[in-house]
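Numbering of the sequence shown is given in the working numbering, commencing with residue 1 and proceeding in unit increments.
Honestly, I wouldn't trust all of these hints.
What the hints assert, rightly or not - Here are the computed lysine to aspartate or glutamate pairs in the EDC-like style, where the Cα-Cα straight-line distance is at most 20 Å:
no., residue 1, residue 2
1, 134, 163
2, 195, 149
3, 195, 163
4, 192, 149
5, 134, 156
6, 195, 224
7, 134, 105
8, 192, 224
Said to hold, decoys possible - What follows is a list of derived Cβ distance ranges for each label pair:
no., residue 1, residue 2, range
9, 64, 216, 37 to 45 Å
10, 227, 105, 35 to 43 Å
11, 224, 140, 38 to 46 Å
12, 24, 225, 41 to 49 Å
13, 87, 216, 28 to 36 Å
14, 203, 64, 40 to 48 Å
Just so you know, the hints here were simulated from the structure itself, not pulled from any lab data.
Using N, Cα and C, we set each Cβ at its ideal position, and we do this for glycine too.
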Amino acid sequence: MTMSNPAISHRLNELTWEDVETYLEDEPSPTVIVPIGSTEQHGPHLPLGVDAMQAETLGDGIAERADVLVAPAIPYGDAGHHLEFPGTISLSTETTTSVLVDVYESLIGHGFENIITVNGHRVANLTAIDTASKRLVDEHPDVFFATLDPLRFGVEIHTDLRDGGSEDGMHGGEFETSFMQFHYPDLVRESKFEKETSETFSQFQSNNLVGNGDRILSPSSGHDPAAGHLGHVGDPTNASAAKGEQLYERLVTDAVTFLDELAEHRSASSS
């Protein structure tokens, strides 16, 4: 980030408007990261803010290492399938889309040319993110939109770290618990660790959301504590802070590599 103060923050909300103006003027193709998560239950062992914390933490790490700006994390997402659990706050798909469109348009209006959305609410927010991006891409053909979702961007590292070939459900299981153990250990209740599975009736259904096998896609089904569900899907007993650190480092490193490649591409295209 080309700024006169080397100690200046990469967080948009910690800068003055003059700081942002300087960044926009000095950068040949200004980039901003937009983190979005969710406020929803993640079982009895993890806090409601897991997805928002993941998005914010990844966004901060990527922005600092890639020398770009990161917007404040959006803490709400499309989480209607968790509303039976107290504390969950959900936006409809339509509302999530509208929020993103307004955020994107605000940033575009200021002169940001690359908008990278970091999705902490794995997979579930993708419909809204994709719709919002498509709604604006024709209107702003010079703006580049991209989405970093750990289940689409981190396939190799999830596969490498998976314990014993188990199929982790990706919701409060091995990997989200590992991420939280590394970054927010005081919020993890290890005494509550318990394996929780989600029943499937077909060979074309799977809890392995990073798998590449043939599968039928269907909307996320609701969880209900009255039916005995704990809320999460997966096995947090396989989690560790070490896995969380490896997952974080790989995602951030690969994202920075992508942004470096994007900068080179944009520079070559404009010359």
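Here is how each hint holds up against the structure:
As the CA atoms of residue 134 and residue 163 are separated by approximately 37 Å, the hinted pair breaks the 20 Å bound. Straight-line distance between C-alpha atoms of residue 195 and residue 149 comes to about 24 Å, which puts the hinted pair past the 20 Å bound. Between residue 195 and residue 163 the CA atoms are separated by roughly 13 Å; this keeps the pair inside 20 Å, and the hint holds. Note on residue 192 and residue 149: the hinted pairing is violated, with a Cα-Cα distance of about 27 Å set against a maximum of 20 Å.
A hinted pair counts as satisfied when its Cα atoms are at most 20 Å apart, and residue 134 with residue 156 does not qualify at roughly 27 Å. With a C-alpha separation of about 16 Å, the suggested pairing of residue 195 with residue 224 holds against the 20 Å cut-off. Of the supplied pair hints, the one linking residue 134 and residue 105 holds, its CA atoms being roughly 12 Å apart against a limit of 20 Å. Between residue 192 and residue 224, the direct Cα distance comes to roughly 18 Å. Compliance with the 20 Å bound is thereby established for this hinted pair.
Against the hinted window of 37 to 45 Å, the Cβ-Cβ separation of residue 64 and residue 216 comes to about 40 Å, which satisfies the hint. For residue 227 paired with residue 105, a C-beta distance near 42 Å keeps the hint of 35 to 43 Å intact. Residue 224 and residue 140 have their C-beta atoms about 42 Å apart, which keeps the hinted 38 to 46 Å range intact. In this structure the supplied range 41 to 49 Å holds for residue 24 paired with residue 225, their Cβ-Cβ distance being about 48 Å.
Judged by the Cβ atoms, the range 28 to 36 Å given for residue 87 and residue 216 holds: they are separated by roughly 31 Å. Between residue 203 and residue 64 the beta carbons are some 44 Å apart, a value that agrees with the proposed interval 40 to 48 Å.
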